[in-house]
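Visitor: Sequence order for the protein chains is A and B.
When we follow numbering that gives the first Met the number 0, the leftmost residue of the first sequence carries the number 0, and every step to the right adds one.
When we follow numbering that gives the first Met the number 0, the leftmost residue of the second sequence carries the number 0, and every step to the right adds one.
Hints listed in this document are in silico derivations from the structure and should not be mistaken for laboratory results.
Don't take each hint at face value.
[Said to hold, decoys possible] Have a look at the derived ranges for each label pair, beta carbon to beta carbon:
no., chain 1, residue 1, chain 2, residue 2, range
1, B, ARG17, A, LEU286, 28 to 34 Å
2, B, ARG17, A, ARG450, 48 to 54 Å
3, B, VAL6, A, LEU427, 48 to 54 Å
4, B, PHE39, A, MET191, 36 to 42 Å
Small disclaimer: the values here were computed from a predicted structure and weren't measured.
Every residue gets a Cβ at the ideal spot worked out from N, C-alpha and C, and that includes glycine.
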Amino acid sequence: MTDATAEPTPAYLRAGRSVGSWLLTTDHKRVAILYFASITVFFLIGGAAATLMRLELATPAADVVTAEGYNKLFTLHGVIMVWFFLVPAIPATLGNFILPLQIGARDVAFPKLNLLSWYLNLTGGLLAGAALTFGGVDTGWTFYTPYSSLYSNSYVTLAAAGVFVAGFGTIATGLNFIVTIHTLRAPGMHWMRLPLFVWSIYATAIMMVLATPALAIALLMVVAERTFDMGLFDPERGGDPILFQHGFWFYSHPAVYIMILPGMGVVTEVITCFARRRVFGYTAMVLALMAISIFGFFVWGHHMFVSGQSAFASLLFSLLSFVIAVPSAIKVFNWSATLYGGHVTFEAPMLYALGFVGLYTLGGLSGLFVASVPIDVHVHDTYFVVAHFHYIMVGGMVSAFFAGMHFWWPKITGRLYPEGISKIAALLMFMGFNLTFFPQFILGYAGMPRRYQVYPDAFAFWNALSSAGALVLAAAYLLPMGYLGWSLVWGARAPADPWRATGLEWRTSSPPPPDNFAKQPTVEREAYAYHERDEAPDHRDSGAHRPQSREVPDGRG
Amino acid sequence: MAEAEAVPEPFASFARQREAASLGMWIFLASEVLFFGGLFTGYAA
Chain A
0 MTDATAEPTP
10 AYLRAGRSVG
20 SWLLTTDHKR
30 VAILYFASIT
40 VFFLIGGAAA
50 TLMRLELATP
60 AADVVTAEGY
70 NKLFTLHGVI
80 MVWFFLVPAI
90 PATLGNFILP
100 LQIGARDVAF
110 PKLNLLSWYL
120 NLTGGLLAGA
130 ALTFGGVDTG
140 WTFYTPYSSL
150 YSNSYVTLAA
160 AGVFVAGFGT
170 IATGLNFIVT
180 IHTLRAPGMH
190 WMRLPLFVWS
200 IYATAIMMVL
210 ATPALAIALL
220 MVVAERTFDM
230 GLFDPERGGD
240 PILFQHGFWF
250 YSHPAVYIMI
260 LPGMGVVTEV
270 ITCFARRRVF
280 GYTAMVLALM
290 AISIFGFFVW
300 GHHMFVSGQS
310 AFASLLFSLL
320 SFVIAVPSAI
330 KVFNWSATLY
340 GGHVTFEAPM
350 LYALGFVGLY
360 TLGGLSGLFV
370 ASVPIDVHVH
380 DTYFVVAHFH
390 YIMVGGMVSA
400 FFAGMHFWWP
410 KITGRLYPEG
420 ISKIAALLMF
430 MGFNLTFFPQ
440 FILGYAGMPR
450 RYQVYPDAFA
460 FWNALSSAGA
470 LVLAAAYLLP
480 MGYLGWSLVW
490 GARAPADPWR
500 ATGLEWRTSS
510 PPPPDNFAKQ
520 PTVEREAYAY
530 HERDEAPDHR
540 DSGAHRPQSR
550 EVPDGRG
Chain B
0 MAEAEAVPEP
10 FASFARQREA
20 ASLGMWIFLA
30 SEVLFFGGLF
40 TGYAA
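With the rest of the complex left out, here is chain A (with noise of 0.2 Å):
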């Protein structure tokens, strides 16, 4: 194993070790740190309500909060994942950090913007944050009107005024990337030759542009009705409670694409190079990822099935929500046909990423029940939609960012991770998050009411299931947190270019210095370039940039 320290120029950390030289950075490295700190404190906060409620729901009676209480736990446990963990998860830490790096740029177009972005995503989650322990709100994530603006007595206002100021941050970031993509990309970078995650961040930031602004629109009449009560959503004045379901599902349905997309282009980069082969189908991926931004934006009205939008609309929504599917399901084909004749290992972040496989297809598969009229009507705000969402959010875009921290791990700190604790921990939430989530279909489909803290007996060994389940994967989550610290300290130093891929991001030491590269790469070679396009893939020291290669020390390469 090589130290680090010969790398000519110290590493973007050692840049300085003061709290202002981080707090006060535009090192696009750092403020990825900086997310990831913000984040980590969010996933735990937003976790523990999850534990919590799981702990209430392990048996039919209420024995441990309050109806009001139990309330107050799914909307703090809700807009804490969605806004302030999953929308910044995969772009603003691994995209800040990788993002510049493959495509061969010094940093993101705007770095004070980048910087700015943090403080407004904090700034939000701290308003959102001091809403939901001081006094809570009780409406659930999706502030649904009139309840929210009529008749909730909670700190409605304080957590949407929260949500908008971290929606600025968020389009912010949108911003930047799309600017960087377009003009930083290094000589010989062409379209596509872009890696797979910089296109997949590429349609997230067109969606976080486009479709945040419609949020900030729906909270702010809502908080302008609490304030002034303009009348927007009572009928009695002219308003339309519906109007404020539009508005937010117009956001929040690409925002599930926001938060899926980069996964997608993890787990595209993960598969890639445990298999030693080149992406099956690189052109139809790029079309796939382009498609699903674009229709994205026309499904939200399969949230509405049962709001009383006419029969018409219904029909098209669903039709359009069938359709976003096939865009979905080429990606998922296309990752298969990746691994079919590659030398596939199963190194932690390889098995985070085949779970990402199986878990989003059948968050996707269980989409499609939801997107035809009747069933949904059926199983409509049941727990059969709470777990085809986690099915989705958690199973698939968390996966993919703990696959991603596990691949780009080496490269954002320096360190190796042990390999065999981290594989238990994979298999660990595979197996904890299906016997969580699974269970939530059978309950739904058989009548579970979501947004309940008690139940008929008759639900309660599936819920004794899932709270079982929650365990195990509340143990999963906490496991890698372990290991990881402990590398930062003890973990092995990491050569520039571990796993032998093929993104110019490993084409600089580990860590990079604060300009990522001692003299600006060119690219000759499209992505993927794990062996000649009429060679098998089982050459493995053939094609790929390779600048150094390395032993691993579980005997890889």
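Put chain B on the given structure of chain A with help from the hints.
Guide: Same frame as chain A, now just chain B:
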């Protein structure tokens, strides 16, 4: 060379920096149009 050194990071040339600044402003304006357009339409609806 002296001029190149004065170009703010992370750009390699002034032209590219100006291009980035104007693209960034157009994207910002697009999001603002959606925001205020949606707000006024929502109020009028």
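Visitor: Flag every earlier hint the structure violates by its number, smallest first.
Guide: none
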